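Trainee: Next come the chains, spelled out residue by residue.
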Amino acid sequence: MTTIQQPRILGAGVDRVDGPLKVTGQARYPNDVNLPGMAYAAVVRSTIPSGRITRMDTTAAEKSPGVLEVITHENADHLGEAPATFIKNPQPPLQDDAIRFYGQYIAVVVADTQQNATAAAGLIEVEYERHEAILDPHDPRAERIKDPWGEDTAWGDVRTALNRAPVMIDQTYTTSENTNNPLGLFTTLASWDGDTLTLHDSNQWPNMIQQVVAAMFGLPRDAVRVLTPFVGGGFGAGLRCWSHIPLAVMAARHVGRPVKLELTRPEMFTGLGHRTSSINWIRLGATRDGRLTAIEHESLTTLPLDGDEYEPCSSVSTWSYASPNVTARDQQVRLNIPWTNFMRAPGDAQGNFALESAIDELAWEVGLDPLEIRLLNYAEVDPKTGRPWSSNALRRCLEVGAQRFGWSNRNPEIGSMRDGHELVGYGVAGVSFFWYQQPCSAKVIVRGDGSAYVRSAVTDIGTGTYTIMAQLAAGLLGLEVDQVEMQLGDSSMPVGTAAGGSGLTAALGSAVHDACGRLIQKFVDLAGTDPFSPLANVPFEDVAVSEGRLFRKGDPTRGESLARILAVHGLTELSADGNSTPNSPDQLGMTPAGARGARFVEVRVDEDLGRVRVARIVTVNDGGRILNEKLARSQILGGTVGGVGMALFEDTVTDKDTGRIANATFGDYLIPVNADIPDVHVEFVGEPDAFNPIGVKGIGEIGLVGVAPAIANGIFHATGKRIRSLPITMDEVMD
Amino acid sequence: MHEFRYERPATVAEAIRAVAHDPEADFLAGGTTEVDLMKDGVFHPDLLVDITRLPLRGVRRDGTMLQVGALTTMEELASDRTLMERAPFVVEALLRGASVQLRNMATIGGNLLQRTRCRYFRDPAVPACNKREPGSGCEAVNSVARMHAILGASPACIALHASDLAVALVALDAVVHIQSEEGERLVPLTQFYLMPGETPDRENVLRHGELITAVDIPLPPEGTRSIYLKIRDRASYEFALASAAIAVIMDGPVIKEARVAMGGVGTIPWRGFEAEEVLREAPATPDTFRSAADGTIRDPFIVPGTAFKVELAKRTLIRALTEVTS
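If you're matching them up, the sequences are chains A and B in order.
So for the first sequence, the UniProt record's numbering puts the first residue at 1; every next one is plus one.
So for the second sequence, the UniProt record's numbering puts the first residue at 1; every next one is plus one.
There may be inaccurate statements among the hints.
[Claimed, not checked] Below 25 Å or equal to it, Euclidean Cα-Cα: the simulated SDA-like pairs (lysine to any residue) are:
1. A/63 <-> B/3
2. A/656 <-> B/125
3. A/656 <-> B/41
4. B/39 <-> A/62
5. A/63 <-> B/41
6. A/443 <-> A/528
7. B/39 <-> A/60
8. A/88 <-> A/136
9. A/88 <-> A/492
10. A/553 <-> A/450
11. B/39 <-> A/57
12. B/39 <-> A/185
13. A/443 <-> A/85
14. B/39 <-> A/265
[Claimed, not checked] Covered by chain A, per the in silico footprint, the following chain B stretches (three or more residues, Cβ under 8 Å):
15. 142–152
16. 227–240
17. 306–319
[To be verified] Which residues of chain B face chain A? A few of them, derived with a C-beta cut under 7 Å, are:
18. 41
19. 119
20. 125
Keep in mind that the hints were calculated from the coordinates and are not lab data.
Fair warning: this is a prediction, and the values are worked out from it, not measured in the lab.
Where a beta carbon is used, it is the ideal one built from N, C-alpha and C, also for glycine.
Go ahead and model the full structure; you've got the sequences and the hints to work with.
Mentor: Have a look at this one:
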């Protein structure tokens, strides 16, 4: 695995600042935290998908050894409504007898040990009145929601363009349900002190948990403190306040002790949401030489009965390629299923599979190289508005990737490249990822010794936020990285946004940038008012910073260290608050482009058995300015592995009659193992993005996108079989 | 987890006595299946009799046979030099059967007794499972799943026997030593496992209180070629969709003698006697291999999710035969 240096945009690949803590076991994840007098909770889940509870017998559980409390809907606290935070959160659990999906929490047992709690949870007897469940997206009884987010898009005249198109592709592409499966089991440790509450909690957005829990329990926001300095991965699973959190809080209030609730792996499948399945109907119209004249993309995704989800699959078709006529529409269908939720590249991952498969089909239809058709239809400007992009290196991603991969060695004839039993196929896919940014704030403080620390309530879900923000602040303050301490994952710190949507680096980075600028300004002001300072009366614009010193630009001898400025003014530290809000496309006259990318994949298909192996992958990405080459590469690698999983393995299977997730263990739900992942070549291209002051584009998710269609397209090249549903398994590839 | 007592007797006789006299007792060896099932609430003994320190560990050469103590770990057996030389496909089956962490814990006796991975058996929230609750029905047969048996299955049970090792061992006519308070009896592995029939809860001939103490593995003659081919979705750490264990003695282009067994397809490790008939004294040709495969995968019981396994199993066998004879 190699990375080519592109020094213009690549930040130093310094090691994770939190790495030593993690590898020596000193980083305390929520499930590592223990408090004196702590009790343990175990949940009980429904075993029907729809109906109501008619009777619960908790007698045996209550008498079971060590049990402190059993809470059901009959004795649960009445909680307030859960507010929406960007999107709806689950309403408080145990408020009524209704069952909306298999696996819904119907009781929580608290005991002196985890073993006693779990044993007692198994003793609760439940009787139900069963209602007919709606589990199939095609069920005509299911509620359908058209244009769920008011984002359906159309320009030009797709109907006419399709009617007149000399070449048309009209196909349906489906993707399966996937489950996020962060390795860390989500845990909430709730501890009351009078009317204040502290939560050690696994999530991706501490301020969101704080807000929702405060509202449910009728507390002022400041009375709830959420601590998430470390979390064992999220992949989107931590972007809502899931029901186990208020259950732990309620349990702690009932027993008057801190209560820890750690989900089991099977509970992680029903309790934290999952990636929706999708059906994508795509029609492409094109000229005989492969130029797109129309794109029509409609999608259908799923929703739980009482939930909400933002998962536009069709929108990728509005910004990926140039087309004068486009329609993009989404629909959702409500089912008796556990919550659907964001999972790494929500919507984009599914929509891109459909679009990039269809583009590939078009290439074959018109006899064009699949790489060429993507270059031919490259969108020089935002096809919807005609505005320039804030940056867009998709073309460069494709060109560089093709060169590194050796695309020119490809024999275009299907099945022409063979190695023993194996048919070799080359596949390509382009990726245009969405742009997302939310307001965020941070505080930066310089101490008397000249070192600094940065505080924000956001959390680092393992992506490297601690490290890249330390690098960024160090650069802006003229310090070494190890002189900057990061303090994150505490809701009492400056309000932060979600570690999600590939949006945190731009949001927090811009806030840190703002804070550092204000802080330097304060130092310059202080020095400027000191007649003995070498910087007396030097205006801000003329000051540079390096090695912990402010100095006059062009005259490094004329300067003063930050530490000295503080000392002279009798200060122990100096701080500044920074905020960021996304810029306005109208004001800047440009369309913010998310990350861009290209995937090149060599697949090997066993011609008798249909078994698919990925032999190598080249992934080239435009993430704007890359703050840390090493961590960015890790993000792309991790995403690539997720992409291989989505393509070949991951499939959350629901029993068609009961709504039970049938494969809710790591033995049954397949994710790639090391042996499934080949050599992956990661490379970054592009230039600093113009839409935010630090020039970044989020890259947390894009690595996953495009891997599945590149694999599917490679399988077609190898075998002539077009597989339009994920995951692609050997039974579909076998003749 | 259900509360249980734990004992660690000093001798084989005491261990057998302890289990034999308590209907809710069971032996504990490596625990890699058993403890999982206890945690999942599928299996709830009142007494576990730990046999891990009994003197039943080690591999001994006895003429043309290896006698393997029941408590020998998978990893120990996989490292046995004689086995590697004389029956490398058994080693392949061991190595493909589990990760090294599991191989260091799991024992040979325990491996033969491993329970099915059927998702409906392993989740007590599923009411219908004849294997778990005799007479309750079979939920798996109505469901969309690929990980089920197509041979030896019935509407009462389609649970797959997931062992890789047992597949190679049934091909070799291994023999199981079974000890009870009454004494020792020897059972060929080909007769050890029971088809589910109407009693899927009974998986083998062991009676309560009987303990596997050793397994005899006959060593094939020098010059025997063998293969264990395991086909699965991902490259490792998964049970087989189809596997083939084959040992052949060749005479030029002709197969003199063949031993065939298949995994990933049967409710028990599936010995391919029909395939062996076809292969014996037959030329090693694609036609021969196809007849052998057709002979082995006969009268399959399929559900929609497993239909593809019929052809997959045949092609797996053909591939393995092609490779081992070429």
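Trainee: Taking the earlier hints as the rules, which of them does this structure contradict?
Mentor: none
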